[in-house]
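K.L.:
Could you put together the complete structure from these sequences and hints?
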Amino acid sequence: DAKTTQPPSMDCAEGRAANLPCNHSTISGNEYVYWYRQIHSQGPQYIIHGLKNNETNEMASLIITEDRKSSTLILPHATLRDTAVYYCIVRVAYSGNTPLVFGKGTRLSVIA
Amino acid sequence: EPEVTQTPSHQVTQMGQEVILRCVPISNHLYFYWYRQILGQKVEFLVSFYNNEISEKSEIFDDQFSVERPDGSNFTLKIRSTKLEDSAMYFCASRGNSGNTIYFGEGSWLTVV
Chain A
1 DAKTTQPPSM
11 DCAEGRAANL
21 PCNHSTISGN
31 EYVYWYRQIH
41 SQGPQYIIHG
51 LKNNETNEMA
61 SLIITEDRKS
71 STLILPHATL
81 RDTAVYYCIV
91 RVAYSGNTPL
101 VFGKGTRLSV
111 IA
Chain B
113 EPEVTQTPSH
123 QVTQMGQEVI
133 LRCVPISNHL
143 YFYWYRQILG
153 QKVEFLVSFY
163 NNEISEKSEI
173 FDDQFSVERP
183 DGSNFTLKIR
193 STKLEDSAMY
203 FCASRGNSGN
213 TIYFGEGSWL
223 TVV
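Taken in sequence, the protein lines are chains A and B.
The first sequence begins at 1 in this note's numbering and counts up one residue at a time.
The second sequence begins at 113 in this note's numbering and counts up one residue at a time.
Hints were generated in silico from the structure; no laboratory data involved.
Just so you know, not all the hints are guaranteed correct.
[Claimed, not checked] Below, a list of computed lysine-lysine pairs in the DSSO-like style, where the Cα atoms sit at most 27 Å apart:
{"hint": "1", "chain 1": "B", "residue 1": "Lys-154", "chain 2": "A", "residue 2": "Lys-3"}
{"hint": "2", "chain 1": "A", "residue 1": "Lys-3", "chain 2": "B", "residue 2": "Lys-169"}
{"hint": "3", "chain 1": "A", "residue 1": "Lys-69", "chain 2": "A", "residue 2": "Lys-104"}
Quantities reported herein were computed from a predicted structural model and do not represent experimental measurements.
P.N.:
Spelled out as structure tokens, the structure:
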């Protein structure tokens, strides 16, 4: 079972920042926070991951609270193409072949 | 950018027929996975594979399913005798030896009629 809690849906105006929250209050010290998204039944797409420091790449920023019990994925300037289901997943670092476990995610709708 | 490729993109098959879904993982990746997603439902883990053997499998992955790495590039999922409830999108994924990120293909949509 997924060890994260996400709101089922969110709306965001095009051009504005989309802030997607995730609660992972039972996260262990050796678990990373991963974010993936799925655009209309395409394959899940990797976005970003982090352990305890904030991370940024060309797609998004990841803010992890100091106690690591929650995080926020930030899409700085959402576009219509960012409409997707976003999944927050915790996974042990360098965990061999342990699979990702997907929950229901947050359905983000970017509105023009 | 390297990617996981899957074929076919869509297959329609009669109930009871055998189906083989094919995947070419990212070059030099060593860990392989199959997932499925029934329409409108969650992405579900089926099986993971490393060093020519199954590492982990879910309860969905019963005796009707098998996986194989027949050569150095392909990774296949076989469903021996398809059932209506096997209709789903099947995703292949792979991971490198040094990184921890799993990358997914675009999926094969299987329709059993």
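K.L.:
It remains to establish, for every hint, whether it holds in the given structure.
P.N.:
Each hint tested on the structure:
For the hint linking B/Lys-154 to A/Lys-3, the alpha-carbon distance of about 14 Å falls within 27 Å, and the restraint holds. At most 27 Å may separate the alpha-carbon atoms for a hinted pair to count; A/Lys-3 and B/Lys-169 meet this at roughly 19 Å. Restraint check for A/Lys-69 and A/Lys-104: the C-alpha separation of about 19 Å stays at or below 27 Å, so the hint holds.
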